[in-house]
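One-letter residues, chain by chain:
2 protein chains.
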Amino acid sequence: MQIVKTIDEVRKTVKAWKKEGLTVGLVPTMGYLHEGHKSLIERAVKENDRVVVSDFVNPTQFGPNEDFESYPRDINADAKLCESAGASIIFNPEADEMYDNALTFVDMNKITKVLCGKTRPIHFSGVCTVVSKLFNIVQPDRAYFGQKDAQQLCVIKKMVKDLNFDIEIVGCPIIRENDGLAKSSRNTYLNADERKAALCLSRSLEIGKKMIADGETDVKTIILAIKAEIGKEPLAKIDYVEMVDFNQLETLEKVQKPLLCAMAVYIGKTRLIDNFIME
Amino acid sequence: MQIVKTIDEVRKTVKAWKKEGLTVGLVPTMGYLHEGHKSLIERAVKENDRVVVSDFVNPTQFGPNEDFESYPRDINADAKLCESAGASIIFNPEADEMYDNALTFVDMNKITKVLCGKTRPIHFSGVCTVVSKLFNIVQPDRAYFGQKDAQQLCVIKKMVKDLNFDIEIVGCPIIRENDGLAKSSRNTYLNADERKAALCLSRSLEIGKKMIADGETDVKTIILAIKAEIGKEPLAKIDYVEMVDFNQLETLEKVQKPLLCAMAVYIGKTRLIDNFIME
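As you go down the protein sequences, you meet chains V and G in turn.
Going letter by letter, the first sequence gives residues 1 to 279 in our numbering.
Going letter by letter, the second sequence gives residues 1001 to 1279 in our numbering.
Honestly, the hints are just simulated from the structure, not real lab data.
Keep in mind it's a predicted model, so treat the numbers as computed, not measured.
From the three backbone atoms N, C-alpha and C, an ideal C-beta is built for every residue, glycine too.
Honestly, I wouldn't trust all of these hints.
Derived coverage of chain G by chain V (criterion: at least 3 residues anywhere in the stretch with Cβ under 8 Å from a Cβ of chain V; other residues may be distant) [said to hold, decoys possible]:
#1 1102-1110
#2 1133-1145
#3 1163-1176
Produce the complete structure using the sequences and hints provided.
In structure tokens form, the structure reads like this:
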């Protein structure tokens, strides 16, 4: 399996595949791949003849005080994981290859301004722009995104519809550690105490899920219970906990499906996200 | 030649062509086609196996006080012109087909803020968004734009580069009436007196061109002479006259190629644009 650094080379490779009539799946990632990414790649391998994994820590989706510099990178480990999962190539460009004095951006109103968009105002513009570029470079039949970034999945689906990309977007379930922590490249930032504290995210979401299963319909009551559970953890600081409808991302007052219950919580200095979706 | 109203139908048609290995040219227009558009279509017909002409008065590129409502439309005349020029289909969607509660937009910094962008702040975002959509719907090999909208051509080329559209952008020369007036769908707004007055655009540009040919290198001197010529015409009111480099659209002090000398001038209530390019 080849590591490709240039846009031209990806294009040539994909065009040769398409000439043979092969289908192409794309798994866009920022690298430092874990079981969550692996599940996306395996699904893509199952559903397409060839799979491109992009591996690019995209600078334009990080705010000035965020962790772009420290974001973990390990292209050799990534290549091994991609190979074992059956990917065809990794596209691992330098930032200059992707942004050569670029002035153009893709952005979205409304659904990029809520949840993570409140505290990360440029994030989704960066995501939409880089994903548009990857779509145009690879021209895949299908692209795979994890539901852990539920808002991102929602935004990408909306972008594809609005800009008429001829690409099927496939959302894939959250992969968790045995103790419930959602897999994330950022988990590597956590020390032993923080790693334990981080369980408050999945634990509190389970409480919310159970309340809905038990018939609670008042969103405020559920959110309060979730926040109370997180509040017990001294290392945790809530960014947001919200319950929204999973299409428009508008706040719900009563439980109503499809719903997304999403949270961002700082564990020490590490900002973690987690969620559950009920369709 | 068929008039197609839906995105799905255009897609199906183009996919069938591509399966046969045919190349596809796209000519994006707002309809009310004239000899300028015809020259684009004929060039596209020469260079591609099939040609799609899009015919859509795009609401998102008009400001609130601009002429969206009054912009001239005549799909039957357009169909005749397209047929005679050798186009394969016209794509003539309703606004709802193109913008169904859309939230996504494509925009650009810097080069969309100068020239026409100064007085039309949302114009180029509307253009970039609709052209991105058309590119994704038609997926052409080449797309054709007139140099009369020189800034638009520059913006589209930059967008294609920045977002990695796999499409060749072809710029085509301005087509003029016998007396020099650049062909434009908006010329239909002019009454007899205004039609005569509108010649001050092309006439003043010729003066600027001749000064450069005669060795004048000071941009301010040339712009002053152009403005003086327009100033002689009582029905004319200058929006802008500028000389910029034809890549970055940055103001020039000394004549230096490639250059764009562009103007927007109101003749009565009608805003006309014209330019010359020296490469």
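Comparing the hints with the structure gives:
Under the rule that three or more residues need a Cβ within less than 8 Å of chain V, the assignment of the stretch 1102-1110 of chain G holds, with 9 such residues. Given as covered by chain V, the stretch 1133-1145 of chain G passes the check, having 4 residues with a CB less than 8 Å from a CB of that chain where 3 are the minimum. Requiring three or more residues with a Cβ within less than 8 Å of a Cβ of chain V, the coverage given for the stretch 1163-1176 of chain G holds, as 4 such residues are present.
The structure meets every hint from the earlier list without exception.
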